[in-house]
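Chain order of the listed sequences is A and B.
Count along the first sequence from 1, add 305, and you get the number used in this note's numbering.
Count along the second sequence from 1, add 305, and you get the number used in this note's numbering.
Mixed in with the good hints there might be a few duds.
Said to hold, decoys possible - SDA-like mimics (lysine to any residue), calculated; alpha carbons at most 20 Å apart, straight line:
no.: 1; chain 1: B; residue 1: K429; chain 2: A; residue 2: F342
no.: 2; chain 1: A; residue 1: K523; chain 2: B; residue 2: K429
no.: 3; chain 1: A; residue 1: K308; chain 2: B; residue 2: L362
no.: 4; chain 1: A; residue 1: K450; chain 2: B; residue 2: R339
Claimed, not checked - Derived list of chain B stretches under chain A, where covered just means 3 residues or more per stretch with a C-beta under 8 Å from a C-beta of chain A:
no.: 5; stretch: 336-350
no.: 6; stretch: 445-459
no.: 7; stretch: 576-588
no.: 8; stretch: 591-605
Stated by the list, open to error - Partial list, computed: chain B residues near chain A (C-beta under 8 Å):
no.: 9; residue: L328
no.: 10; residue: N332
no.: 11; residue: G442
no.: 12; residue: P612
no.: 13; residue: E623
no.: 14; residue: V632
no.: 15; residue: L641
no.: 16; residue: V701
None of these hints come from the bench; they were simulated from the model.
Computed from a prediction, not measured in an experiment: that's the story for all the values here.
Note that CB positions come from ideal geometry on N, CA and C, so glycine has one too.
Protein chains: 2
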Amino acid sequence: MGKECIRVGLVGAGTIGKGVVDLYKRNGDLINDRIDFAVTLAKVADQDHKRLQALDLDEKMLSTDAAEVLDDPEIDIVIELIGGIEPARSFIAQALENGKYVVTANKDMMARHGQELLALAREKNLNIFYEASVGGGIPLIRPLKHSLVADRVSRVLGIVNGTTNYIFTRMAQDDLSLEDALSEAQRLGFAEADPTNDIEGLDAAYKLVIMANLAFGKKADFDQVHIEGIKGVTYEDIAYAREIGYTIKLLAIGEDLPEGLALRIHPALVPMEHPLASVLNELNAVFIESEAAKELMFYGPGAGPMPTAAAILSDVVEAARCIRFNVSNGVVEGELQDTGFVPIGAVECRFYLRFLVEDRAGVFASLANAFADEGVSLDMVIQKRRVGNLAEVVLVTHEVREEAFHRALSKVTGITAIKPNPSIIRLLG
Amino acid sequence: MGKECIRVGLVGAGTIGKGVVDLYKRNGDLINDRIDFAVTLAKVADQDHKRLQALDLDEKMLSTDAAEVLDDPEIDIVIELIGGIEPARSFIAQALENGKYVVTANKDMMARHGQELLALAREKNLNIFYEASVGGGIPLIRPLKHSLVADRVSRVLGIVNGTTNYIFTRMAQDDLSLEDALSEAQRLGFAEADPTNDIEGLDAAYKLVIMANLAFGKKADFDQVHIEGIKGVTYEDIAYAREIGYTIKLLAIGEDLPEGLALRIHPALVPMEHPLASVLNELNAVFIESEAAKELMFYGPGAGPMPTAAAILSDVVEAARCIRFNVSNGVVEGELQDTGFVPIGAVECRFYLRFLVEDRAGVFASLANAFADEGVSLDMVIQKRRVGNLAEVVLVTHEVREEAFHRALSKVTGITAIKPNPSIIRLLG
Chain A
306 MGKECIRVGL VGAGTIGKGV VDLYKRNGDL INDRIDFAVT LAKVADQDHK
356 RLQALDLDEK MLSTDAAEVL DDPEIDIVIE LIGGIEPARS FIAQALENGK
406 YVVTANKDMM ARHGQELLAL AREKNLNIFY EASVGGGIPL IRPLKHSLVA
456 DRVSRVLGIV NGTTNYIFTR MAQDDLSLED ALSEAQRLGF AEADPTNDIE
506 GLDAAYKLVI MANLAFGKKA DFDQVHIEGI KGVTYEDIAY AREIGYTIKL
556 LAIGEDLPEG LALRIHPALV PMEHPLASVL NELNAVFIES EAAKELMFYG
606 PGAGPMPTAA AILSDVVEAA RCIRFNVSNG VVEGELQDTG FVPIGAVECR
656 FYLRFLVEDR AGVFASLANA FADEGVSLDM VIQKRRVGNL AEVVLVTHEV
706 REEAFHRALS KVTGITAIKP NPSIIRLLG
Chain B
306 MGKECIRVGL VGAGTIGKGV VDLYKRNGDL INDRIDFAVT LAKVADQDHK
356 RLQALDLDEK MLSTDAAEVL DDPEIDIVIE LIGGIEPARS FIAQALENGK
406 YVVTANKDMM ARHGQELLAL AREKNLNIFY EASVGGGIPL IRPLKHSLVA
456 DRVSRVLGIV NGTTNYIFTR MAQDDLSLED ALSEAQRLGF AEADPTNDIE
506 GLDAAYKLVI MANLAFGKKA DFDQVHIEGI KGVTYEDIAY AREIGYTIKL
556 LAIGEDLPEG LALRIHPALV PMEHPLASVL NELNAVFIES EAAKELMFYG
606 PGAGPMPTAA AILSDVVEAA RCIRFNVSNG VVEGELQDTG FVPIGAVECR
656 FYLRFLVEDR AGVFASLANA FADEGVSLDM VIQKRRVGNL AEVVLVTHEV
706 REEAFHRALS KVTGITAIKP NPSIIRLLG
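Work the whole structure out from these sequences, hints included.
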């Protein structure tokens with residue numbers, strides 16, 4: 306039997322850190338009623354003294370020096386909430402070196418350096434818990450680790466970025482342009498002042514790497530993720546998608562294929578009847594396809610101080626349980642297999658394509674030939690509204706290897722009657 | 306440190322039992338790769354020797370006598386899959402008395418006797434795991450126990466019966482009558498030959514009791530669940546519901562109210578944009594409303610041998626981990642608070658009401674007065690198709706206490722121009 310009272314230190318008192326303190330104040334007694342030992346928030350560090358003061362805690366618990374948490378022998382668990390790679394990575398390593406369990410919500414760092422830090426934790430007979438790093442308040446890491454231990458996950462499909470999901474929802478429901486939807490998201494706090502990481506898909510890619518590591522037990526590398534953001538999607542695409550029974554979502558897709566892992570972030574047409582289609586506004590969901598369970602979905606708030614704090618405190622309880630019962634590592638996350646990656650060109654997909662074409666005889670024939678030459682067969686051809694002497698054409702292909710599609714596409718865009726810069730969006734198959 | 310190799314015995318080799326054996330054969334090595342100790346299926350008992358032979362296991366592992374599993378000192382974990390109250394309850398008690406951890410998928414028994422058996426497990430420093438008892442392959446019990454430890458659940462909304470969800474889906478999509486949809490469900494194996502427990506809501510009620518105990522930490526009593534089955538819902542109701550933006554689902558609803566727990570099973574109109582509305586066919590989902598996370602949903606297969614087996618084997622790993630690391634109880638589920646129950650009459654709800662009325666002057670006025678007298682205000686009044694000299698009327702009330710609604714209803718049905726036996730369905734608010 307280990308210690309009866311587990312002491313927790315927090316590094317980083319920003320929005321999420323304050324959320325953790327607030328939820329601990331409100332529900333700390335509840336938590337301690339639910340477990341047969343005690344967890345106490347003992348110390349909080351942040352460089353910014355104003356942030357510390359805003360926590361409304363006993364001054365003796367506060368410090369502007371992270372080392373006062375990381376090196377305090379009385380602290381058993383360190384919650385890292387400063388975000389970014391450094392100094393977060395060094396802080397976590399220091400906490401582990403000092404024999405402390407770690408809880409973090411840091412997706413960038415877990416995606417980039419999670420495996421090296423988890424290896425250090427294993428070496429020290431400790432562990433790192435990171436439920437809040439993907440899907441905010443959605444229980445996801447724990448189910449992937451524990452509930453699917455007897456199952457084989459073949460594909461992970463995630464709506465893991467609230468900003469872009471909010472933008473697509475507003476574009477679809479209120480016929481807004483991407484720019485207007487983004488401004489609204491920023492006004493309501495669903496998008497940051499600099500939304501680059503969200504809009505360009507980097508945030509989703511970090512989360513995909515973390516999920517793929519766990520779901521497949523294989524090494525997922527951030528640099529091997531094919532990343533496309535949402536900039537190319539217009540209101541018209543969303544309207545056409547709806548007409549043919551689809552909605553558009555930014556998806557994080559991880560597949561465990563015989564040739565390796567295929568990892569990608571891109572907007573995709575999702576069939577209306579798919580459970581991911583009804584994930585609206587800033588909400589997130591992860592859909593999992595597996596051998597035994599076949600299909601599972603986990604849905605909820607992907608961000609926000611309270612949901613994220615609930616996930617962090619559930620990790621604190623799990624870490625505390627390890628300490629209390631001397632379980633050492635809890636669940637070991639072993640070395641990941643390295644099976645390599647499938648380049649995007651080798652992935653098979655259906656494509657939606659929208660472009661303007663001069664409305665004259667023979668154009669459709671050249672178009673059809675260009676696709677046929679590369680073995681790309683068409684599932685749907687719709688000629689839509691006319692703009693002057695131009696017709697708008699929407700095509701949907703059958704499943705095709707990306708590189709074949711792009712060869713066909715370069716032939717198609719070479720036809721002079723076809724105007725440049727078509728909209729191209731993949732379909733979820 | 307406890308034992309390095311954990312031996313598992315299985316009692317009950319029906320469909321689910323065979324699923325567990327099959328999944329263990331297929332993924333046993335995978336499981337043992339993922340954990341740092343070994344789990345072995347050592348013995349299987351079933352009264353029916355034919356069932357045992359169908360497992361295709363070494364004859365030495367098989368027995369027609371459950372005691373050979375329950376009393377074997379070499380067995381560490383007993384999986385109970387015989388279902389029903391007795392002898393399952395006695396078998397589980399016997400396994401606990403003999404110092405074994407228990408894994409079960411038995412919803413009836415956990416709903417009726419779960420608390421007494423969990424108390425026995427606590428006394429013996431053991432535990433019972435029952436992930437598969439609600440929602441089949443959906444990770445649900447484990448997230449409720451662990452992930453929401455810092456949160457307060459206020460409401461649980463479940464589509465937890467696959468048979469009735471399949472029936473409503475077919476009625477809505479293919480304009481089938483309830484009887485035809487049920488026959489189809491039986492033909493496809495989504496409904497049993499005797500579907501009473503499903504159709505009448507008992508199966509959902511068992512699952513609700515288990516969820517409510519865990520989600521609220523309060524004593525839920527099967528006999529306090531208000532249960533209405535799906536028999537009263539017609540194809541017409543589904544069509545009218547769709548017209549006003551709703552779909553119909555059989556819901557298991559548990560609420561933690563200041564006056565006590567309100568527990569009920571009934572069909573309900575669910576807004577099309579609610580995530581539960583897109584749970585189709587035989588699939589299940591549980592939607593959770595809580596203080597911190599606000600809304601969460603867990604979606605997946607509610608039944609079937611493979612999904613259920615995956616849940617059972619994940620419980621086996623959790624039990625094995627307790628034994629391996631001497632964690633004794635793992636997570637303690639303590640004594641539940643007894644806060645009493647809210648009778649259905651005191652619950653507030655919106656109602657949908659459909660009836661035939663003689664189409665003559667003054668009828669609408671008497672109708673409106675009957676509702677007004679009881680303080681029931683109407684949100685929507687639609688006069689629909691005519692059948693001879695009868696008009697079909699659909700009403701939707703604002704939120705109203707059930708007993709007030711029923712007082713108004715008895716006045717309404719007392720109006721001679723109104724034909725008896727209206728359709729009455731609650732709305733999810």
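Each hint, compared with the structure:
1. K429(B) x F342(A): Roughly 19 Å separates the two Cα atoms, so the pair holds.
2. K523(A) x K429(B): Distance of about 40 Å is beyond 20 Å: violated.
3. K308(A) x L362(B): 45 Å, violated
4. K450(A) x R339(B): Satisfied, since the Cα-Cα distance of roughly 9 Å is no more than 20 Å.
5. 336-350: holds (count 5)
6. 445-459: holds (count 9)
7. 576-588: holds (count 7)
8. 591-605: Since three or more residues must qualify, the claim that chain A covers the stretch 591-605 of chain B holds, with 11 doing so at under 8 Å.
9. L328: 6 Å, holds
10. N332: 5 Å, holds
11. G442: Result: holds, 4 Å to nearest chain A Cβ.
12. P612: 5 Å, holds
13. E623: 7 Å, holds
14. V632: At 5 Å from the nearest chain A Cβ, V632(B) passes the 8 Å test, so the hint holds.
15. L641: 12 Å, violated
16. V701: Violated, because the Cβ-Cβ distance from V701(B) to chain A comes to roughly 23 Å (cut-off 8 Å).
The structure is inconsistent with the numbered hints 2, 3, 15 and 16, although it conforms to all the rest.
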